[in-house]
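A.B. asks: Counting from 177, one number per residue, gives the positions in the sequence shown under our numbering.
Calculated from the structure, these hints are not laboratory results. It should be emphasised that the depicted structure is a prediction, and the values quoted were computed from it without experimental measurement. A hint or two may mislead.
[Stated by the list, open to error] Label pairs and their calculated CB-CB ranges:
{"#": "1", "residue 1": "Arg268", "residue 2": "Gly230", "range": "24 to 34 Å"}
{"#": "2", "residue 1": "Gly195", "residue 2": "Ile220", "range": "12 to 22 Å"}
{"#": "3", "residue 1": "Val187", "residue 2": "Glu269", "range": "39 to 49 Å"}
{"#": "4", "residue 1": "Ala200", "residue 2": "Met265", "range": "15 to 25 Å"}
{"#": "5", "residue 1": "Ile217", "residue 2": "Arg261", "range": "16 to 26 Å"}
{"#": "6", "residue 1": "Ile250", "residue 2": "Ala213", "range": "12 to 22 Å"}
{"#": "7", "residue 1": "Phe266", "residue 2": "Ile217", "range": "42 to 52 Å"}
{"#": "8", "residue 1": "Gly234", "residue 2": "Tyr186", "range": "33 to 43 Å"}
{"#": "9", "residue 1": "Ala219", "residue 2": "Arg264", "range": "20 to 30 Å"}
{"#": "10", "residue 1": "Ser237", "residue 2": "Gln270", "range": "47 to 57 Å"}
{"#": "11", "residue 1": "Gly254", "residue 2": "Leu226", "range": "12 to 22 Å"}
{"#": "12", "residue 1": "Thr246", "residue 2": "Gln270", "range": "38 to 48 Å"}
Every residue gets a Cβ at the ideal spot worked out from N, C-alpha and C, and that includes glycine.
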Amino acid sequence: MHGITVIELYVFVLAAFVGYQVIARVPPLLHTPLMSATNAISAISLVGSLVAAGADYGTVSTVLGTLAVTAATINVVGGFMITDRMLRMFKREQKGRR
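Start from the sequences and build out the full structure, keeping to the hints where you can.
C.D. replies: Take a look at the structure:
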């Protein structure tokens with residue numbers, strides 16, 4: 177069994193740093209379209225994980241597929257909740273309603 181090499185650790189830290197910088201510099205007006213795109217990608221991964229969980233490739237594949245379905249579902253639902261919250265931030269309040 178191989179341990180984590182220095183290069184793999186370097187790539188992970190660099191990817192985390194670059195990912196944070198990219199997301200942190202997105203203007204607020206672009207967050208909603210960006211979230212919509214990531215929700216679509218998450219939905220595609222949900223379909224793939226359903227296929228992995230439902231195919232009869234063995235116990236390990238079924239367990240990992242079920243975990244992937246759970247994680248992807250949480251990701252999709254959370255993404256839609258965040259998108260809905262952001263859209264409500266840009267909505268103007270109507271007079272007479274609170």
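A.B. asks: Please go over all the hints and tell whether each is borne out by the structure.
C.D. replies: Here's how the hints hold up against the structure:
{"no.": "1", "hint": "Arg268 to Gly230: 24 to 34 Å", "in the structure": "violated, 45 Å"}
{"no.": "2", "hint": "Gly195 to Ile220: 12 to 22 Å", "in the structure": "holds, 19 Å"}
{"no.": "3", "hint": "Val187 to Glu269: 39 to 49 Å", "in the structure": "holds, 47 Å"}
{"no.": "4", "hint": "Ala200 to Met265: 15 to 25 Å", "in the structure": "holds, 18 Å"}
{"no.": "5", "hint": "Ile217 to Arg261: 16 to 26 Å", "in the structure": "holds, 20 Å"}
{"no.": "6", "hint": "Ile250 to Ala213: 12 to 22 Å", "in the structure": "holds, 18 Å"}
{"no.": "7", "hint": "Phe266 to Ile217: 42 to 52 Å", "in the structure": "violated, 23 Å"}
{"no.": "8", "hint": "Gly234 to Tyr186: 33 to 43 Å", "in the structure": "holds, 35 Å"}
{"no.": "9", "hint": "Ala219 to Arg264: 20 to 30 Å", "in the structure": "holds, 22 Å"}
{"no.": "10", "hint": "Ser237 to Gln270: 47 to 57 Å", "in the structure": "holds, 52 Å"}
{"no.": "11", "hint": "Gly254 to Leu226: 12 to 22 Å", "in the structure": "holds, 18 Å"}
{"no.": "12", "hint": "Thr246 to Gln270: 38 to 48 Å", "in the structure": "holds, 39 Å"}
Of the hints listed earlier, those the structure fails to meet are numbers 1 and 7, in rising order.
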